[in-house]
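Here the protein sequences come in this chain order: W and L.
With positions in the first sequence counted from 1, the corresponding number in the working numbering is that position plus 542.
With positions in the second sequence counted from 1, the corresponding number in the working numbering is that position plus 46.
Mixed in with the good hints, there may be bad ones.
Said to hold, decoys possible - Mimicking EDC-like on lysine to aspartate or glutamate, the simulated pairs with C-alpha atoms at most 20 Å apart in a straight line are:
(1) L:K335 with W:D610
(2) L:K389 with L:D334
(3) L:K389 with W:D598
(4) L:K335 with W:D628
(5) L:K365 with W:E652
Claimed, not checked - Not everything, but these chain L residues come out facing chain W in the computed CB check (under 10 Å):
(6) I80
(7) D82
(8) T172
(9) G270
(10) C271
(11) D273
(12) K335
(13) Y358
(14) G364
(15) S366
(16) I387
(17) V391
Stated by the list, open to error - Some chain L residues judged to face chain W by a derived CB distance under 7 Å, without partners named:
(18) S78
(19) V81
(20) A336
(21) I337
(22) N359
Derived from the structure by calculation, the hints contain no laboratory data.
Just so you know, even glycine gets a beta-carbon here, dropped at the ideal spot from N, CA and C.
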Amino acid sequence: MSTILEGLRYAESHEYVKIEGEYGYVGITDYAQHELGNVVYVDMPDVDDEVTAGEDFGAVESVKAASDLISPVSGVVVEVNEALNDSPELVNSDPYANWIIKVKLADPTEADALMDAEAYKAMIGE
Amino acid sequence: MENKRTCLYDKHAALGALISPFGGFDMPIQYSNIVDEHNAVRQACGVFDVSHMGEVLVTGPDSEKFVNHIFTNDVTAAPDGKIYYGMMCHPTGGVVDDLLVYKMAHRRYFLVINASNIDKDVAWITEHAKDFDVTVEHQSDIYGEVAVQGPKSEDIIERVLGIPCKELVFYTCKELDYNGETIIISRTGYTGEDGFELYGSHAFTNEVWDKLLASGEVKPCGLGCRDTLRFEVGLPLYGDELTDEITPLEAGLGIFVKLEKDFIGKEALAAQKAEGLKRKIVGIELKDKAIPRHGYEVEADGKVVGVVTTGYNSISTGKSVCMAMVDIDYAKLDTEVAVRIRKKVFPGVVTKKRFYDKNYKK
Chain W
543 MSTILEGLRY
553 AESHEYVKIE
563 GEYGYVGITD
573 YAQHELGNVV
583 YVDMPDVDDE
593 VTAGEDFGAV
603 ESVKAASDLI
613 SPVSGVVVEV
623 NEALNDSPEL
633 VNSDPYANWI
643 IKVKLADPTE
653 ADALMDAEAY
663 KAMIGE
Chain L
47 MENKRTCLYD
57 KHAALGALIS
67 PFGGFDMPIQ
77 YSNIVDEHNA
87 VRQACGVFDV
97 SHMGEVLVTG
107 PDSEKFVNHI
117 FTNDVTAAPD
127 GKIYYGMMCH
137 PTGGVVDDLL
147 VYKMAHRRYF
157 LVINASNIDK
167 DVAWITEHAK
177 DFDVTVEHQS
187 DIYGEVAVQG
197 PKSEDIIERV
207 LGIPCKELVF
217 YTCKELDYNG
227 ETIIISRTGY
237 TGEDGFELYG
247 SHAFTNEVWD
257 KLLASGEVKP
267 CGLGCRDTLR
277 FEVGLPLYGD
287 ELTDEITPLE
297 AGLGIFVKLE
307 KDFIGKEALA
317 AQKAEGLKRK
327 IVGIELKDKA
337 IPRHGYEVEA
347 DGKVVGVVTT
357 GYNSISTGKS
367 VCMAMVDIDY
377 AKLDTEVAVR
387 IRKKVFPGVV
397 TKKRFYDKNY
407 KK
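Chain W extracted, bound-state conformation (with noise of 0.2 Å):
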């Protein structure tokens, strides 16, 4: 059974945002995670990078595969999570304190269009 926090909101690709004011952090969730197997590279953007919802920002790369990260957000990159650099596996260990990237928000409403918990729960089928 996968870890899935209320109060954050989901994407289909399995993106999670949690938004704090004007800002909103990026991350996998815990289900994401858990399908991909051992993470062994976070590919991150720049900060000062534009991320655009429904657009790729960045990879996670597991063991066996390459697995794109789409932005469920729109907005300007203001940090990057640089432990995943050499700790890749802290996305597996916990992927919600883990969040990737740090984005400054054009528009905090957008992320009301994304699941919620009780939705994305429905729709990984748990």
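Given the structure of chain W, go ahead and fit chain L onto it with the hints provided.
Then chain L, alone, in the frame of chain W:
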């Protein structure tokens, strides 16, 4: 078309394995995770269901001559129990399949072929057997096969299965009686570690699997780590490093090609050797941890000079490495090349294909 299942399929499902199609079979990719399974084989012992592999028995007065005709390696006057690795080639020199030939006994050869090529190979072998006094029997449905791999394999097979195997040297096999059935055990594998492969009935295969798992000393391992293990020691996989269009010489497998005898593809390979290779498979080590994967382009001097055949972040060394087919001008050791991964180009350097040393017991 529905995928086939091996005789151990229900056991994989019960263990909760991640199951995916491979070579026309629904096969276990991993049980726990690839890293743990990989390390179990490097450090202790793992068991793989490799029942998807194909088996063909060639017997008859012309069997030696016939095997030599379709096989790049030389089985002339092979001692009983000796095993040879090599390829079957097209007249062009491209590879039909790579395989093991077990010299079981006088005029009896047991060929082990890739699951993904079973239909193609059986047709190829049968077609070319017409001019020889041999019998070709396709036995893939009869045999199950497990590979027991890792430094503790010998001890575990002797103690847990009660099958004596200490005296088998690398790349030899023997037949023995197990509960009234004749089974085959060989000191072979596809991991770069010491290990054995056992061929027998579906009942035997299930019994071996159950006993090994019940011992608690052997980790069930899926095809995911089988690929990372073979890759690290530079072993080719048909479909990646070998194809109908890639020759054994381009794949760096010249030592298994005996140009002093006749076989299908010999002329093309001898000509290729005389002219010099135009491309070959090399190792590339990247400076970054981004992972080069099958099909990604290799670049140098502002142009595409090759393509990745297999790549991983090596579990044993932590480095991002790949095998790649590159133009011969860029195949020298230490040549600076780069691999395009998504939108970026990652610099690297040409290395040997062996990223981790084999640990065979010879």
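Comparing the hints with the structure gives:
1. With a CA separation close to 16 Å, the supplied pair L:K335 and W:D610 stays within the 20 Å bound.
2. With a C-alpha separation of about 15 Å, the suggested pair L:K389 and L:D334 falls inside the 20 Å cut-off, and the hint holds.
3. Pair hint L:K389 plus W:D598 holds up; C-alpha atoms about 11 Å apart against a cutoff of 20 Å.
4. With a C-alpha separation of about 10 Å, the suggested pair L:K335 and W:D628 falls inside the 20 Å cut-off, and the hint holds.
5. Of the pairs offered as hints, the one joining L:K365 and W:E652 is violated, with about 40 Å between alpha carbons and a cut-off of 20 Å exceeded.
6. Below 10 Å, beta-carbon pairs count as interface contacts, and L:I80 has one with chain W at about 5 Å; its hint therefore holds.
7. The interface hint given for L:D82 is met, as the beta carbon of that residue sits about 9 Å from the closest beta carbon of chain W, less than 10 Å.
8. The interface hint given for L:T172 is broken, as the beta carbon of that residue sits about 36 Å from the closest beta carbon of chain W, more than 10 Å.
9. Using the Cβ-Cβ criterion of 10 Å, the hint placing L:G270 at the interface with chain W is satisfied: the shortest such distance is roughly 6 Å.
10. Contact between L:C271 and chain W, as hinted, is supported at the beta carbon level, the nearest pair being about 8 Å apart and thus within 10 Å.
11. Against a cut-off of 10 Å between C-beta atoms, the interface hint on L:D273 holds, since the closest Cβ of chain W lies about 8 Å away.
12. Taking 10 Å as the C-beta cut-off, the interface hint given for L:K335 holds, the closest approach to chain W being about 5 Å.
13. Taking 10 Å as the C-beta cut-off, the interface hint given for L:Y358 holds, the closest approach to chain W being about 7 Å.
14. Proximity of L:G364 to chain W holds as hinted, the smallest CB-CB distance being about 9 Å (cut-off 10 Å).
15. The criterion of a C-beta within 10 Å of any C-beta in chain W is met by L:S366, whose closest approach is roughly 7 Å, and the hint holds.
16. Given hint, L:I387 at the interface with chain W, holds; its Cβ is 8 Å from that chain's nearest Cβ, closer than 10 Å.
17. For L:V391, the suggested interface contact is broken, since its CB lies about 13 Å from the closest CB of chain W, more than 10 Å.
18. Interface restraint check: L:S78 against chain W, minimum CB-CB distance 10 Å, threshold 7 Å, status violated.
19. Against a cut-off of 7 Å between C-beta atoms, the interface hint on L:V81 holds, since the closest Cβ of chain W lies about 5 Å away.
20. Given hint, L:A336 at the interface with chain W, holds; its Cβ is 6 Å from that chain's nearest Cβ, closer than 7 Å.
21. A cut of 7 Å between beta carbons decides the hint on L:I337: the least distance to chain W is about 5 Å, and the hint holds.
22. Nearest Cβ of chain W to the Cβ of L:N359: about 4 Å, under the 7 Å cut. The hint holds.
Hint compliance for this structure: hints 5, 8, 17, 18 are broken, all remaining hints hold.
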